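Based on the provided sequences and hints, a complete structural model is requested.
Chains as they are written, first to last, in the numbering used here: chain P, 1 to 572; chain X, 1 to 572; chain A, 1 to 285; chain Z, 1 to 285.
What the hints contain is simulated information worked out from the structure, not anything from laboratory work.
Model, not experiment: these values are computed from the prediction.
For each residue, glycine too, the CB sits at the ideal point set by N, CA and C.
Do not take every clue at face value.
[What the hints assert, rightly or not] Covered stretches of chain P, going by a simulated chain X footprint (3 or more residues, C-beta under 8 Å): (1) 55 to 63; (2) 289 to 295; (3) 540 to 549.
[Stated by the list, open to error] With a cut-off of at most 20 Å between alpha-carbon atoms, the simulated EDC-like pairs for lysine to aspartate or glutamate come out as follows: (4) Lys540(P) x Glu400(X); (5) Lys199(P) x Glu472(P); (6) Lys459(X) x Asp408(X); (7) Lys99(P) x Asp76(P); (8) Lys9(A) x Glu400(X); (9) Lys110(P) x Glu177(P); (10) Lys389(P) x Asp269(Z); (11) Lys567(X) x Glu498(X); (12) Lys252(Z) x Glu139(A); (13) Lys230(Z) x Glu139(A); (14) Lys546(X) x Asp513(P); (15) Lys440(P) x Glu14(Z); (16) Lys540(P) x Asp547(X); (17) Lys275(A) x Asp381(X); (18) Lys130(Z) x Glu23(X); (19) Lys377(X) x Glu279(A); (20) Lys567(P) x Glu472(P); (21) Lys377(X) x Glu283(A); (22) Lys446(X) x Glu498(X); (23) Lys393(P) x Asp269(Z); (24) Lys215(A) x Asp182(A); (25) Lys384(X) x Asp182(A); (26) Lys237(X) x Glu283(A); (27) Lys13(Z) x Asp398(P).
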Amino acid sequence: MKINDFTVRIGGQAGDGSLATGELLSRYLRRDGYYVATDKDFPSRIRGGHTSYAIRGSEKKIYSIHDKIDALLAFDDDSLKLHLEELDSGGALIYDSSKTRITLDRNDIKIIGLPFTLKAKTELGIEIIKNTMALGILTKLFNLDPGLMKETINDTYKKRGEKILNDNLKAYEIGLELSKEETGLQNYSVNRLKRDDNKLLMMGNEAIALGAMAAGCRFISAYPITPASDVLEFLSKYLPGEGGVAIQAESEISAVNMAIGASYAGIRSMVATSGPGFDLKTEAIGLASMIEQPLVVLDAMRAGPSTGMPTKTEQSDLNHAVYGGHGDKPKVVLIPGNVEESFYMTFEAFNIADEFQGPVIILTDELISWNKQVVDKFRLDSLKLSRGKLILKIDSKDREFRRYEITDDGISGRTIPGVLNGLHLETGDEHDEFGHITEKIDIRNKMMEKRYRKIEKIKGMLFPSEILGEGENVIVGVGSTMGPVIEAMEMLKKDGIEMKFIRIRTLLPFLEDSIGQIDSARNVFVVENNISGQLENILKIYTKRKDFIPIRKYDGRSFRPGNIYNKVKEVL
Amino acid sequence: MKINDFTVRIGGQAGDGSLATGELLSRYLRRDGYYVATDKDFPSRIRGGHTSYAIRGSEKKIYSIHDKIDALLAFDDDSLKLHLEELDSGGALIYDSSKTRITLDRNDIKIIGLPFTLKAKTELGIEIIKNTMALGILTKLFNLDPGLMKETINDTYKKRGEKILNDNLKAYEIGLELSKEETGLQNYSVNRLKRDDNKLLMMGNEAIALGAMAAGCRFISAYPITPASDVLEFLSKYLPGEGGVAIQAESEISAVNMAIGASYAGIRSMVATSGPGFDLKTEAIGLASMIEQPLVVLDAMRAGPSTGMPTKTEQSDLNHAVYGGHGDKPKVVLIPGNVEESFYMTFEAFNIADEFQGPVIILTDELISWNKQVVDKFRLDSLKLSRGKLILKIDSKDREFRRYEITDDGISGRTIPGVLNGLHLETGDEHDEFGHITEKIDIRNKMMEKRYRKIEKIKGMLFPSEILGEGENVIVGVGSTMGPVIEAMEMLKKDGIEMKFIRIRTLLPFLEDSIGQIDSARNVFVVENNISGQLENILKIYTKRKDFIPIRKYDGRSFRPGNIYNKVKEVL
Amino acid sequence: MVEIKVDTKIYDKENPTWCPGCGDYGVLLALKRAAAILKLDPFKTVLVTGIGCSSKINSYFYSYGIHTIHGRAASVAQGIKLANPDLEVIVAGGDGDAFAIGTEHLVHMARRNPDIAYIVMDNQIYGLTKGQVSPTSEEGFVSITTPYGSFEKPVNGPLLALAAGATFIARGFAGDPISLTDIIVEGIKHRGFALIDVFSPCVTWNKINTYDWYKQHTYRLENHDPGDLKKAYEILSDEERFGLGIIYRKEKHTLEEKLPRKKAVNPFDPLQIQKSITELYEEFL
Amino acid sequence: MVEIKVDTKIYDKENPTWCPGCGDYGVLLALKRAAAILKLDPFKTVLVTGIGCSSKINSYFYSYGIHTIHGRAASVAQGIKLANPDLEVIVAGGDGDAFAIGTEHLVHMARRNPDIAYIVMDNQIYGLTKGQVSPTSEEGFVSITTPYGSFEKPVNGPLLALAAGATFIARGFAGDPISLTDIIVEGIKHRGFALIDVFSPCVTWNKINTYDWYKQHTYRLENHDPGDLKKAYEILSDEERFGLGIIYRKEKHTLEEKLPRKKAVNPFDPLQIQKSITELYEEFL
Ligand SMILES: Cc1ncc(C[n+]2csc(CCOP(=O)(O)OP(=O)(O)O)c2C)c(N)n1
Ligand SMILES: Cc1ncc(C[n+]2csc(CCOP(=O)(O)OP(=O)(O)O)c2C)c(N)n1
Ligand code: SF4
Ligand code: SF4
Ligand SMILES: [Mg+2]
Ligand SMILES: [Mg+2]
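Set out below in structure tokens:
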């Protein structure tokens, strides 16, 4: 029996509103005190093609949907074809009886046909509103609070004008009316949770934008690309109010070079991109490392290679983040596991970039980038900003400033244009302490070593591996696989199998904090959303073991807990 | 006692002709039956700054200069400061007595001051000609053949006009006259070798250009960059005569995309670049992999990161070649060890690219790219061209061609525009067998697997590791370190230490052919020209051992045998 | 103008997935009509595109096609044309593709003058990525990335191409596929680089530059002499009303003609390319 | 023109390593003179360059300097100017930097109109990489990569910038650093984007476009009204004789002025930037 924990999937054609309904449901759930995790699936085109949105609500904090769904709201035949199998026994299939006729041989589910489209057209004259109507039956099935739902609809649509708001409210009422005869799902004992405004509903891109704003980032230059565009979009709205700049550049190359310029001028700056754009930024990221300019780079990973499947997820840019770019140059690569962590990591990324003076790359994947989760309001008081060795006043009257002074920790004082007596040259050529171009052997060696010392120095600031659970069987993973792994671990626990989950959060410099545990484990499963085992290959550099058991997925879809559970069960 | 094996270093200010003299000496040596290896060192500017050119001649095939030089021809004070220590006892220091006055406390060397500049100015009125003059004293010291030297001067300068030729010949005569009183070096028993025209003197870039021409490459688009420009320059001269195109594009990005276009149209094509340009090509190389177009990419590595030291050497793009670019995509990375091998590898690179239909990256470094070596004339008869599954005639009348047919070995038939009934779409989006864009799970999985199967299939065509020597102590290296390692091994042998050298020639897909030997060795030294141990990290993925002993150099200069010898001696 | 009846069916391929009403349908239709009029052989024609809604056009047009990466279609197309000048090479794509990330390639393609026609499907918006400002969006244009209005003067694509040396410049409108057909026919026939800038409304994201807007802001060029460079600059400098038709045309040597090679190597003779290089050994003695 | 005597010494930094006779010496001198006339504060000035012989100029000019990567100086400069509009931002670099790999950034910088002056040191060759053809080399130009002569029409940089929307276009000659000083002074003073294209002979690799050649192929603009756009197009369209002086000038709002923000954040108040984001929480309820 599931208690206050259920997954609903809403499916239809792209552009026909299923996503909006999913949004409403998610917002309702947050208001009712639920944690929410979502998973969108839609094609890389603007209209048409199958779209679906899965929303899970739960009392406990979650980062993944279930394998099985408890209700399937199917607005087209594709939804049925693709998702019926997912529907748990005891669950409900809701279909639009004005569009589809169904004959099914499953009698373990509730089948509910309601004439959404017909009603929407006849009563309101707007077909798309059928989506909101369908919230009525969900209210009934999961015993949701109609008052709170109306409030949610109200708050969501009031900005869009009286008519739209009223149509939606009316549609919901009609939906409730249509569902009157139906009974709730047996499997659920849905208590309304406590109304709770200490939680927020947001996607990873928004959490990152907020993290950046909180950290005082006042400059973003980016070029639109799925699934990273939201970051530029969000900051375009809010940075100007803070005296900042959000600018859509003519290309990713221009974007990253602009951001380097802004950083050089003393303003915290970032770029946000995905695979193809990340490739294009490679040369400039190397420049930032060489001239020692702080820079935060978001790469929201999508399914590659090349254009690949732009609206699908993958974890296949680990290699490029860690190893990309010619020459040897220090950089930092972080990878958060959920929306909430994306906020904190982004905030810290700016501190890290300022402290070690170089590029910090944040890797997310689509599951985090643009799927909403409910997060706890951020612990803003705990956040401390540090700008490292930024120097804004110089007493010495030397004609030139030692911008690249050789120091014990490798980190030099950094000044910015406008500072009296801080004058120096920054250059991507090898240089001496003042930034003069040089090719002298001893200076070259010292500078290379200095730059690499910085990385040692900041290891303490970076994110250690997170260890969950106990046991001699270990799962290693990064990023969004966290959600499904945690679910799988619970499933395994029920079977008596205890697992330990090691989630690596800093990929570069690799913190060897969990290597001992990996080496001494009985079995080590490596879960990753790619075909070639990029994470596994990184682990192999540091571990003694070679016998990792891969759990990989590269179809562009996120893991389900069952993918992991099954593989583990096969072996153990 | 060195027999027919000596190294001369010529040093001066950039742009003042030392390089030309080195060229003449190298050409002479080739004609006299010597093998030659050279090592240039000059700054990234056009005039001024210290330049030097080391030339070694030997009876046996060589790929590296000596640690110690036998003669130092110093045209400026810097040469003396920087290189005197290198001068072997018994060797000769030759300086320009019209410019420099010398007081030295070394009495183990011959010191010869001759008034080159003065003579050049007074007798010929051209200062720069002092260089050719200096060949006189070298002739004397190493007992070279003045007739053959004159012939060499003649052949070299005759295209530059009567005056230049005669001036140089005269300068040489004056040089001989000036040196009349001097005696030869004791350490050498220089027999004139057999005049031999079965050898050629060339740099790696030329060998690569020739390899490309031999392989039928008829298209190069490139953007100038040190040290790769020679490849475009050479092919600009010779491709038009073959109906081909050499085009200097507006950027590296344009260059690589043009080359992809040419390849798509059925013409073998290549690009040639170095670090910064290699970064810029990242996205398009991923496209080539995804649309399965053959493409040969030369990355002539130089000292990074960023602009770094453009005229200095390094092996620091291994990471980017192997791991660069977002997403998972098959590619091949080859790395030749010397000029001669560069030719053969380039030839085969085109075959490999055609066979597996994707990008093949060749990595060289400056030591190979633009330092000349004497090579044996190429075994052209042994070269076989294969275009893989290129299909130029299609019998079936289907409206569309299955360009990405799922096959056992992953390789599909490839047709080109112009072929009747071969019509299809190529796209960097995920696609079905006809190239139609799709996001369907099963097709996606099949296509990813198909592309990776190709890589398994072609492993047999790739270059296995080369093993030299025997013993339980192993040196692993790639590329140009081959030369110094071989020399170091000989030095160690004299001390009774036998070493085995494993030279990896295919970096991706990694051929595990030598892993067993690495794992079972007593000590494994990894020699590489970079700071971070890029090769070592690759090895660690496949080997069980973690206790590699690094021998690294990152000052932009190539290894000397002694760097390796010393480190090995420290440990053994 | 008389509408020529042509059978475009042989150029049909997949059904477009563009939004209903998208201007790109009009461009596709005009392209198919032009192909039919010119009797383009699908097996000797390559339609090269970048990435964007518009760039999907080669999924819907029956010829060889290569759908490359964002902004690089022009370079890929030049490689194809240089490798095999016998092919009819056409580029198509969006305003972002051509005038933002691809600016550099467009400019240099124009000066090289390869015999390639480039059809820009300009909707003054980023369609596929969901409605961001485009380099051709007007100042003040409100989009999701310019919530307070665009603060940049738009790129004037055809003017830029003219300044870069393009030998054929035309402007069309997707709302009038019949006139557009003629323009495309002339562009493809033109020996040299032809830039065809087509206003192609995005009905989903751009609610300003609609079909009606374009009707109000465009006019048909009458009695215009496309050989008049000064006039061409004048027409293109007008940023209020946009002249439709062929704005500039001048025959010059094409890139393919100017290359130093005598005759292009034949890609259909793939094994004859292996070459003895011994005659080059002289350089290395 | 009267030569103004100014003390340029305070702008001296390292000694240039350019070849003796290189045009870039003239540009450096003119820049120092202009700086002296304008009394530029070295601590509030940033000289941004790309990669090339010319781009080394900020090793030799006493101000803040950033020597970036090939082709990207324009973008880095825009980032600097947007971040701190109080800085005097000047870009300098080669023809390859500006008109080949950097084309895209130049075009988009021009349309944005930031208050930045861009000095192109145009030697119609690639200097630092040893004499390859440049985008501004003339057709037929023989270089190591065009042994049979260049087969491409050169880029006309100033014309391109004008078409892209630049509000100040000038052309100077390194052989006349006194006149060049005036041009640079005006370019820096201009509120908005100023492109200053300077013929700066490469004495080592370009044996065609020498000081003499430029003297023969240039003329000084007399009585020209830089407000006349048509005339500007006419002058720039002349590809035989090149007018020297200020070709076009028009005041328009700068990028910095058009940005939606009220006042730029102060980079000298680095810890005040941390911000409570609670007021934004509303979006997520
Ligand atoms: C290198 C790179 N950057 C960004 C993207 C994302 N992207 C895809 S299409 C597009 C622009 C679409 O606008 P446009 O070119 O005008 O075409 P439209 O969709 O409007 O037809 C962008 C930015 C990408 N695919 N590759
Ligand atoms: C991405 C990249 N490509 C190529 C180069 C090599 N490179 C250095 S300077 C230069 C061009 C030099 O020409 P120009 O810009 O005209 O400057 P000049 O030396 O003539 O002053 C090139 C191609 C590089 N440093 N980076
Ligand atoms: S989003 Fe716009 S450009 Fe794209 S298909 Fe729809 S209407 Fe056309
Ligand atoms: S090579 Fe040419 S551009 Fe470079 S410094 Fe010498 S003269 Fe000047
Ligand atoms: Mg568009
Ligand atoms: Mg130049």
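Quick rundown of the hints versus the structure:
Counting residues of the region 55 to 63 of chain P whose beta carbon lies closer than 8 Å to any beta carbon of chain X gives 0, which falls below the threshold of three, so the coverage claim is violated. Figure legend: the region 289 to 295 of chain P, annotated as covered by chain X; annotation consistent (3 residues with Cβ-Cβ distances under 8 Å, at least 3 required). Judged by the Cβ-Cβ criterion of 8 Å, the region 540 to 549 of chain P is covered by chain X as claimed, because 5 of its residues qualify and three suffice. Between Lys540(P) and Glu400(X), the direct Cα distance comes to roughly 44 Å. Violation of the 20 Å bound is thereby established for this hinted pair.
For the given pair, Lys199(P) sits about 36 Å from Glu472(P) by alpha-carbon distance, which is inconsistent with the 20 Å threshold. Between the alpha carbons of Lys459(X) and Asp408(X) the distance comes to roughly 15 Å, so the proposed pair stays at or under 20 Å and holds. Taking the CA atoms of Lys99(P) and Asp76(P), the gap is near 8 Å; set against the 20 Å cutoff, the hint holds. Our distance criterion of 20 Å between C-alpha atoms is met by Lys9(A) and Glu400(X), whose separation comes to about 15 Å.
Proposed proximity of Lys110(P) and Glu177(P) is supported: the alpha carbons are some 19 Å apart, at most 20 Å. At roughly 14 Å between alpha-carbon atoms, Lys389(P) and Asp269(Z) fall within 20 Å of each other, so this suggested pair holds. Distance hint between Lys567(X) and Glu498(X) is fulfilled; the C-alpha atoms sit about 15 Å from each other, no more than 20 Å. Distance check on the hinted pair: Lys252(Z) and Glu139(A) sit about 13 Å apart at the alpha-carbon level, within 20 Å; holds.
With a C-alpha separation of about 23 Å, the suggested pairing of Lys230(Z) with Glu139(A) is violated against the 20 Å cut-off. Taking the CA atoms of Lys546(X) and Asp513(P), the gap is about 17 Å. The hint holds against a cut of 20 Å. At most 20 Å may separate the alpha-carbon atoms for a hinted pair to count; Lys440(P) and Glu14(Z) meet this at roughly 16 Å. Pair hint Lys540(P) plus Asp547(X) holds up; C-alpha atoms about 14 Å apart against a cutoff of 20 Å.
A C-alpha spacing of about 11 Å is found between Lys275(A) and Asp381(X), which places the hinted pair at or below 20 Å, so the restraint holds. For the proposed pair Lys130(Z) and Glu23(X), the alpha carbon gap of about 18 Å is at most 20 Å, so the pair holds. Proximity of Lys377(X) to Glu279(A) is assessed by CA-CA distance (about 12 Å); at most 20 Å being required, the pair is judged to hold. The straight-line distance between the Cα atoms of Lys567(P) and Glu472(P) is roughly 17 Å, inside the 20 Å bound, and the hint therefore holds.
For the suggested pair Lys377(X) and Glu283(A), the alpha carbons sit about 13 Å apart, so the restraint of at most 20 Å is met. Between Lys446(X) and Glu498(X) the alpha-carbon distance is near 49 Å, which puts this suggested pair outside the 20 Å criterion. In summary, the hint linking Lys393(P) to Asp269(Z) is supported, as the alpha carbons are separated by about 12 Å, within the 20 Å threshold. In summary, the hint linking Lys215(A) to Asp182(A) is supported, as the alpha carbons are separated by about 18 Å, within the 20 Å threshold.
A threshold of 20 Å between alpha carbons decides the hint, and for Lys384(X) with Asp182(A) the separation of about 50 Å lies outside it, so the pair is violated. For the proposed pair Lys237(X) and Glu283(A), the alpha carbon gap of about 12 Å is at most 20 Å, so the pair holds. Of the pairs offered as hints, the one joining Lys13(Z) and Asp398(P) holds, with about 13 Å between alpha carbons and a cut-off of 20 Å not exceeded.
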